[in-house]
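Using the hints provided, position chain Z relative to the given structure of chain F.
There are 2 protein chains.
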Amino acid sequence: MTADAAAHVAFLRGLRAVRQFRPDPVPEPAVTDILDVVRWSGSASNQQPFEVVLVQDRDTLRALASMEGYAAHLAGAPLAAVLVMANRRPEQDTFDEGRLSERIMLAAAAHGLGSSIGWLRGAGPEQAKRLLDIPLDRLVRTAISIGYPTEEAARRGGRRRPLASIVHRERYGRPDG
Amino acid sequence: MTADAAAHVAFLRGLRAVRQFRPDPVPEPAVTDILDVVRWSGSASNQQPFEVVLVQDRDTLRALASMEGYAAHLAGAPLAAVLVMANRRPEQDTFDEGRLSERIMLAAAAHGLGSSIGWLRGAGPEQAKRLLDIPLDRLVRTAISIGYPTEEAARRGGRRRPLASIVHRERYGRPDG
Chain F
1 MTADAAAHVA FLRGLRAVRQ FRPDPVPEPA VTDILDVVRW SGSASNQQPF
51 EVVLVQDRDT LRALASMEGY AAHLAGAPLA AVLVMANRRP EQDTFDEGRL
101 SERIMLAAAA HGLGSSIGWL RGAGPEQAKR LLDIPLDRLV RTAISIGYPT
151 EEAARRGGRR RPLASIVHRE RYGRPDG
Chain Z
1 MTADAAAHVA FLRGLRAVRQ FRPDPVPEPA VTDILDVVRW SGSASNQQPF
51 EVVLVQDRDT LRALASMEGY AAHLAGAPLA AVLVMANRRP EQDTFDEGRL
101 SERIMLAAAA HGLGSSIGWL RGAGPEQAKR LLDIPLDRLV RTAISIGYPT
151 EEAARRGGRR RPLASIVHRE RYGRPDG
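First to last, the protein sequences are chains F and Z.
Just so we're aligned, residue 1 is where the first sequence starts under the numbering used here, counting upward by one.
Just so we're aligned, residue 1 is where the second sequence starts under the numbering used here, counting upward by one.
Watch out, some of these pointers could steer you wrong.
Note that identical chains are pooled: a pair holds if it fits in a single copy or bridges any two copies.
In silico SDA-like pairs for lysine to any residue, Cα to Cα no more than 25 Å straight-line [unchecked claim]:
1) Lys129 to Glu68
2) Lys129 to Gln92
3) Lys129 to Glu170
4) Lys129 to Arg159
5) Lys129 to Glu51
6) Lys129 to Ala6
7) Lys129 to Arg171
8) Lys129 to Tyr70
9) Lys129 to Arg22
Hints are computed from structural coordinates only; laboratory data are not their basis.
The shape of chain F in the complex, shown without the other chains:
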């Protein structure tokens, strides 16, 4: 095992959601890298059924945060990435949306930035589409807040299920190890 492998694995397993941000803006080189990682995202049949609206305007962020759903943390973030899915194949799009969200969070983390996935629900998606001039036939649900974590948010640990309750070998019901 190489040092690179260990560093990448530690990086992947270290990702945590962050919902409290310092006011500092996200530097453009970080934005550029996040977009580059977005561009190289894999997707079902390599269709890349996604677009991204980057929002830095404070009033727009507050408006998104106030919409129905679970995206209140956008109000305090200097940047949001709103995902716009083609909505031709909802099941694949939802799966690809998850892949893309994970990559955006990781690309942000590479730059020491925290992030959190927000979901719009109920009337939220249509309100967001109208606010952002997004064609109404698209699937808009995920808005990811991005920014430098506050000291308290950076310290937070997170908890997870034990591995034995998640992993099976060869057949379900045969625990690992």
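Showing chain Z alone in chain F's frame:
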């Protein structure tokens, strides 16, 4: 920007699907790291609605590859990770399944392993559940093949949409840059 940030971003953007594998088994330290990254996967409301069945048995891999869907590449892989989702909230589960899949592919890539997402469709999911003793009420759809890429597969480039067609600033229809 630190050297670590650049290395992690290059790692993230370098991920490509691999469907042709060398016969070598996946070393246990790599399996351990993949499982660790699985365990620390984020999910909606931190519910972690997932389990994983790891399959290395050749006959089982071939049987999965022959099922209805798009998972033929499992036949030539030394390892598959079959995702088992709780199926209590299908929309969130599908999104979380995408996040988890991306992490598994990245954790494999950290070890120089290639991977590809296979999907079971039609009669495939139920056949897979019966074969692997998975309770029939679960959502089983994704089987990720994992192994060392053949030389040819490792060389393959991939293509992606240009960034200008994906990214908008502040409002949809306002291209980046």
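Hint check, failures only: Of the numbered hints given earlier, those the structure breaks are 4, 6 and 9, listed in rising order.
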